[in-house]
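Enquirer: Residues in the sequence shown are numbered consecutively from 5, following my numbering.
Any given hint could turn out to be false.
Listed next, with one range per pair, are the computed distances between beta-carbon atoms [to be verified]: (1) A31 x G95: 11 to 21 Å; (2) F103 x N27: 34 to 44 Å; (3) E100 x M70: 45 to 55 Å; (4) R37 x R89: 20 to 30 Å; (5) K13 x P102: 17 to 27 Å; (6) D18 x L53: 41 to 51 Å; (7) M70 x K41: 39 to 49 Å; (8) L23 x S56: 35 to 45 Å; (9) F103 x S16: 50 to 60 Å; (10) N30 x M70: 22 to 32 Å; (11) R48 x Q69: 33 to 43 Å.
I should point out that these hints are in silico values taken from the structure, not numbers from a laboratory.
Here the structure is a predicted model, which is why all the values come from computation and not from measurement.
Cβ coordinates follow ideal geometry from the N, Cα and C atoms, glycine included.
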Amino acid sequence: MTNKENFLKLVSTDDSNTLDWLNERNANKKLRRTAQKISILILRRLKELKWSQKDLADKMEVSPQMVNKWVKGKDNNFSLDLLFRIGNYLGIELIEVPFNRSKVEVVSNPIEQSQVYKRGGERVICKNIPLNNCAVNEADY
């Protein structure tokens with residue numbers, strides 16, 4: 005028997021799902037990175053509070069194995085409710101939703117002074133009522 009025949013005996017005839025697995029893994033890369041950051045925040049806060057994972061599990065009334073899954077990245081399917089609960093027990097925010105503040109521009113034209121508010125690409129012009137000759141150049145609201 006030749007080497008090629010021996011090799012072909014050892015090779016599996018089943019199709020491997022390696023390519024599918026790699027494609028799925030790449031698609032979920034951002035989710036895994038975010039879950040990893042959350043795990044690090046939890047571990048750092050536990051260290052600051054001098055708590056063990058078991059202490060957190062007791063306070064949250066879950067199993068220590070569940071907390072271990074959270075911090076080891078085995079279970080990265082965090083729900084919003086779970087993230088808020090963990091954050092409340094640890095006294096930190098695990099989710100922060102950015103609030104987009106837009107600027108108020110004061111423009112003047114020959115006819116009247118007005119304020120232009122820009123919000124979400126929409127321009128709203130409001131009439132400006134002078135208050136003792138005070139002028140506002142730019143402000144956040």
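Enquirer: Now, for every hint given, state plainly whether the structure supports it.
Expert: Verification of the hints:
1. Roughly 34 Å separates the CB atoms of A31 and G95, a value that falls outside the hinted 11 to 21 Å.
2. Roughly 36 Å separates the CB atoms of F103 and N27, a value that falls within the hinted 34 to 44 Å.
3. Range check, E100 to M70: about 24 Å between beta-carbon atoms, so the 45 to 55 Å window is missed.
4. For the pair R37 and R89, the beta carbons lie near 22 Å from each other, so the given range of 20 to 30 Å is met.
5. At about 59 Å, the beta-carbon gap between K13 and P102 misses the expected band of 17 to 27 Å.
6. At about 50 Å, the beta-carbon gap between D18 and L53 stays in the expected band of 41 to 51 Å.
7. With their beta carbons about 19 Å apart, M70 and K41 fall outside the hinted range of 39 to 49 Å.
8. Range check, L23 to S56: about 41 Å between beta-carbon atoms, so the 35 to 45 Å window is met.
9. For the pair F103 and S16, the beta carbons lie near 54 Å from each other, so the given range of 50 to 60 Å is met.
10. In this structure the supplied range 22 to 32 Å holds for N30 paired with M70, their Cβ-Cβ distance being about 28 Å.
11. Under the hint 33 to 43 Å, the C-beta atoms of R48 and Q69, about 21 Å apart, miss the expected range.
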